[in-house]
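Chains U and W, in that order, are what the protein sequence lines are.
FYI, the numbering for the first sequence is 1 to 400, going by the working numbering.
FYI, the numbering for the second sequence is 1 to 279, going by the working numbering.
It is worth saying that the hints were derived from the structure and are not from the lab.
Computed from a predicted model, the values in this text were never measured in an experiment.
Each residue gets a CB set at the ideal place from its N, CA and C atoms; glycine is no exception.
Each hint should be verified, as a subset may be incorrect.
What the hints assert, rightly or not - Covered stretches of chain W, going by a simulated chain U footprint (3 or more residues, C-beta under 8 Å):
1. 10-21
2. 59-65
3. 128-141
4. 174-184
5. 188-194
6. 197-207
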Amino acid sequence: MVQITINDRQVSGECEPRTHLADFLREAENLTGTHLGCEHGVCGACTVLVDGVPTRSCITFAHACEGARVTTIEGLDEDEIAAELRTALSKEHGLQCGYCTPGMVVSARDIVLRMEAPSEHDIRVALSGNLCRCTGYVGIVRAVQSVIEARRARGIAAVPGGGRDRLGPAGSGHAGAVQENKRERAAPAEAAAATRAAQVSRDDNWRPQTTLEDSFTVSHPPEVVWDFFGRVEEVAACLPGASLQGAAEDGHVEGQIKVKVGPISAEFQGVADITRDETAKAGTIDGAGKDKRSNSATRGRIRYVVREGDRPGETLVELSIGYTLSGVLAQFSRSGLVQDVAGRLIAVFVQNLEARLNHEAGGGTKETAPESAALDAGSLMSSVVIGQIKQFFARLLGRR
Amino acid sequence: MKPVNFDYARPKDVAGVISLIGDESRVVKILAGGQSLGPMLNMRLVQPDLVVDITGIEELRQVEDRADEVGIGGCVTHSDIEDLRVADVTRGALPKVAAGIAYRAVRNRGTIGGSITHADPSADWISILSAIGATVTLRGPDGVRSLAVEDYMLGALEADLRLGELLVSVNVPKLGPAARWGYYKSCRKTGEFAHAIGAFLIDPDRDVCRAVFGATESKPLVVSEAGDLIGRTGERDLAQGFDSRRADELIRDNGMNDPIDRQIHVAALRRALEQSGTV
Numbered sequence: 001m002v003q004i005t006i007n008d009r010q011v012s013g014e015c016e017p018r019t020h021l022a023d024f025l026r027e028a029e030n031l032t033g034t035h036l037g038c039e040h041g042v043c044g045a046c047t048v049l050v051d052g053v054p055t056r057s058c059i060t061f062a063h064a065c066e067g068a069r070v071t072t073i074e075g076l077d078e079d080e081i082a083a084e085l086r087t088a089l090s091k092e093h094g095l096q097c098g099y100c101t102p103g104m105v106v107s108a109r110d111i112v113l114r115m116e117a118p119s120e121h122d123i124r125v126a127l128s129g130n131l132c133r134c135t136g137y138v139g140i141v142r143a144v145q146s147v148i149e150a151r152r153a154r155g156i157a158a159v160p161g162g163g164r165d166r167l168g169p170a171g172s173g174h175a176g177a178v179q180e181n182k183r184e185r186a187a188p189a190e191a192a193a194a195t196r197a198a199q200v201s202r203d204d205n206w207r208p209q210t211t212l213e214d215s216f217t218v219s220h221p222p223e224v225v226w227d228f229f230g231r232v233e234e235v236a237a238c239l240p241g242a243s244l245q246g247a248a249e250d251g252h253v254e255g256q257i258k259v260k261v262g263p264i265s266a267e268f269q270g271v272a273d274i275t276r277d278e279t280a281k282a283g284t285i286d287g288a289g290k291d292k293r294s295n296s297a298t299r300g301r302i303r304y305v306v307r308e309g310d311r312p313g314e315t316l317v318e319l320s321i322g323y324t325l326s327g328v329l330a331q332f333s334r335s336g337l338v339q340d341v342a343g344r345l346i347a348v349f350v351q352n353l354e355a356r357l358n359h360e361a362g363g364g365t366k367e368t369a370p371e372s373a374a375l376d377a378g379s380l381m382s383s384v385v386i387g388q389i390k391q392f393f394a395r396l397l398g399r400r
Numbered sequence: 001m002k003p004v005n006f007d008y009a010r011p012k013d014v015a016g017v018i019s020l021i022g023d024e025s026r027v028v029k030i031l032a033g034g035q036s037l038g039p040m041l042n043m044r045l046v047q048p049d050l051v052v053d054i055t056g057i058e059e060l061r062q063v064e065d066r067a068d069e070v071g072i073g074g075c076v077t078h079s080d081i082e083d084l085r086v087a088d089v090t091r092g093a094l095p096k097v098a099a100g101i102a103y104r105a106v107r108n109r110g111t112i113g114g115s116i117t118h119a120d121p122s123a124d125w126i127s128i129l130s131a132i133g134a135t136v137t138l139r140g141p142d143g144v145r146s147l148a149v150e151d152y153m154l155g156a157l158e159a160d161l162r163l164g165e166l167l168v169s170v171n172v173p174k175l176g177p178a179a180r181w182g183y184y185k186s187c188r189k190t191g192e193f194a195h196a197i198g199a200f201l202i203d204p205d206r207d208v209c210r211a212v213f214g215a216t217e218s219k220p221l222v223v224s225e226a227g228d229l230i231g232r233t234g235e236r237d238l239a240q241g242f243d244s245r246r247a248d249e250l251i252r253d254n255g256m257n258d259p260i261d262r263q264i265h266v267a268a269l270r271r272a273l274e275q276s277g278t279v
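Modelling step: build the complete structure from the supplied sequences, incorporating the hints.
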C-alpha cells in the first residue's frame with residue numbers, strides 16, 4: 001500500500017515495489033496526461049512535479065514517493081504559470097502531435113519559476129532534457145521566453161531553487177521505514193535446463209562490430225605458454241567466471257561464463273570452437289553465447305599469437321578480441337566500458353595463469369592447482385589498480 | 001521496459017541498511033535517487049532480489065560542517081548543491097559542476113553518493129571531486145573507513161565497497177581564499193555523458209595543485225602534483241603555462257591509444273585552464 005498526495009488529493013493504492021510513478025499515475029489513477037516515451041529517463045515525456053520540482057516519473061518508484069506531493073499535467077489546470085504557457089505555446093505553435101507537451105510544460109514551468117532572465121541559449125540548455133520531434137523547439141523556446149519576459153515586466157521575480165527547502169531526492173523523506181515484505185520466490189530456473197546454443201556457424205562473412213587489441217606478458221617461456229593454451233580445461237579455469245560442460249572434443253567446447261560489472265551481471269551459455277596453428281603459434285577461438293536473464297546474445301572471435309617476450313624466458317601474448325553484442329546488454333554497452341572490463345578480465349586471467357604455470361614448474365599437478373581468483377574480488381581489484389597508479393607516478397616523476 | 005519483481009525495504013538508519021546488504025545469498029541493490037539504477041532496472045540489466053531504498057535515512061540527507069571540510073550526506077542531490085542549499089566551500093566549483101549534470105529533473109533526485117558509487121567514468125562528480133581532493137566515508141559491519149574519491153572508484157562501474165558496506169558521506173575540503181579551479185567537459189549534446197573531462201584545482205594556501213583527466217572509460221587519471229603540467233600558481237593566465245605535449249604523453253602512457261581521444265582530453269584540460277583565467 002502506498003499513499004501519495006496527487007493533485008491535492010490524498011490517494012492510497014496497492015502497487016508492487018517495481019511500479020514506477022508514471023505507471024502508478026496512469027494505471028492506478030487514470031492520469032494518462034503523464035506520457036511514457038523512452039522509459040529510461042532520457043526523453044522527458046514523463047516529467048511531473050514531485051514536492052514541487054520536476055522529476056522523471058519513469059525512473060522514480062511510487063513506493064519511494066510515499067507521503068510526497070505529486071502534481072501532474074492534470075493538476076496544473078489552475079496553475080498561473082502553466083496557464084500562461086498554454087496560451088504562449090498555442091500562439092507560438094509550440095506543439096504539433098502533443099506527445100512531449102505534458103513533460104515540456106512541467107519543465108518549462110520550472111524554468112519560468114526559477115530562472116530570472118535566461119537567454120535563449122539558457123532556455124534551450126534547460127529544456128534539453130525534454131525531446132520534441134515535431135517543432136524543432138523554436139516555438140517552444142519563444143513561448144517560454146515570452147512568458148518569462150511578461151512576468152518579469154509585471155514585477156514577478158524568479159524563485160531560486162523553485163522554493164525547495166529540504167535536502168535529499170524529491171519525494172523522499174516523508175514516510176517511515178518499510179520492512180522487506182519477504183515475497184514468495186519461485187525457484188530460479190536452473191541453467192542446466194538452458195537450451196544449448198547451436199554450433200558456431202562457420203560464416204566467414206561474419207565481422208565483429210567491435211574489435212579491441214590487447215597484450216600481456218607471462219614470465220614463462222613461449223613453448224610452455226603455447227602448450228598450456230592447448231589444454232582448454234585449464235585455460236578455462238584461469239578465466240574468471242568461466243566453466244566448461246564436459247570435455248573438449250575436436251576443439252569444440254560448451255560452457256558458460258559469468259561476467260559481473262558493477263550492478264550488471266550476466267551468465268552467457270554457449271559454445272566455442274578452437275583452432276590452433278602450430279607453426280605460427282597462433283590460435284583462434286570462435287564463440288557464441290546467450291544470457292538467459294537479459295536475453296542478450298554475443299558472438300566473438302579471439303585471436304592470439306604467442307611470441308618471445310622482451311626478456312629471455314618471457315612470453316608476449318598478443319590478443320585481438322572481436323565481438324558483437326545484441327539484445328538488452330547491447331543497449332547499454334559503450335565500447336570503452338567493455339574495453340575496461342576486458343582489460344580487468346585479462347589482468348586476472350594472467351594472474352591465474354602465472355599461478356598455475358608456477359605451480360606446474362614447481363612439479364605440481366593440475367589436480368592440486370591453486371584456486372583461481374575471481375574478477376569481482378575487491379582486494380584483488382585494488383591490487384591491480386594500485387599497481388597502475390604506482391606505474392603512473394613512476395612515469396610521471398621519471399620525466400623531467 | 002519494466003523491472004523484475006523485486007522486494008523493497010526502506011530502513012530508518014544506516015545500521016538497518018548494513019544488516020540487509022551483507023547477505024550474499026541474493027542480489028541486493030542500494031537505491032538512492034535511482035537516476036542511474038532506475039534505467040538499468042527498467043532495461044533489466046540489473047535484476048535484484050531486494051532493493052534497499054536509503055533515501056529515508058535522515059543522516060544521509062544532512063550536511064555536517066567540520067573544521068576544514070564539510071561532510072555531505074550520500075543522499076544529498078545535485079540540485080541541493082546547485083541551488084546552494086548546501087553551503088559552498090569550493091569557491092563555486094561544486095555548484096557550477098552540479099548545474100551541468102544531466103537535466104534538472106534528474107538533478108532533483110540524483111545523489112552525490114549514488115553517482116560516485118555507480119562509478120560511471122563519464123559522470124561529473126568523480127572528476128571534479130578528485131580534483132578538489134575530496135574523500136568518502138564508508139560504513140560497514142567492520143566499522144568506518146575513509147578513502148580518496150579517486151581510490152574509491154576501481155574501474156568502470158566498480159566502487160571499492162566491501163560486503164555490507166555503503167557510502168555515508170562525501171567530505172569536501174574547504175578551499176583557501178586564493179583557490180582557483182576549472183572544469184570542462186566535452187559533450188555532443190547537453191546533459192549527455194561526457195566524452196572527455198578536464199578538471200584542475202590550485203589552492204596556494206593549502207599547497208595543493210591537482211589536475212584530472214576524466215571520462216577515460218575507466219577511473220579518472222589524477223595528477224596530484226600538477227604544478228609543472230598546468231602552469232605555475234602565480235600566473236594569471238594558467239593556460240599559457242600548460243604543457244600540452246606532456247599532458248598527451250601522460251595519458252598515452254596510461255593506455256589511451258587513440259590520438260583523437262587524447263587530443264580531446266588534452267583540449268578539455270586546456271579549456272578548463274582557460275576558464276579559470278577569468279575567475
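Status of each hint after checking the structure:
Only when three residues or more bring their CB closer than 8 Å to a CB of chain U does the claim for the stretch 10-21 of chain W stand; here the count is 5, and the claim holds. Given as covered by chain U, the stretch 59-65 of chain W passes the check, having 4 residues with a CB less than 8 Å from a CB of that chain where 3 are the minimum. For the stretch 128-141 of chain W, the assignment as covered by chain U is violated, since 0 residues bring a beta-carbon within under 8 Å of that chain's beta-carbons and 3 are needed. Counting residues of the stretch 174-184 of chain W whose beta-carbon sits less than 8 Å from any beta-carbon of chain U gives 0, not enough to reach three: the coverage restraint is violated.
With 3 residues having a Cβ less than 8 Å from any Cβ of chain U, the stretch 188-194 of chain W passes the three-residue criterion, so the hint holds. Note: the stretch 197-207 of chain W has 0 residues with beta-carbon separation from chain U under 8 Å; the three-residue rule is not met and the coverage is violated.
The structure does not agree with the numbered hints 3, 4 and 6 stated previously, though it agrees with the rest.
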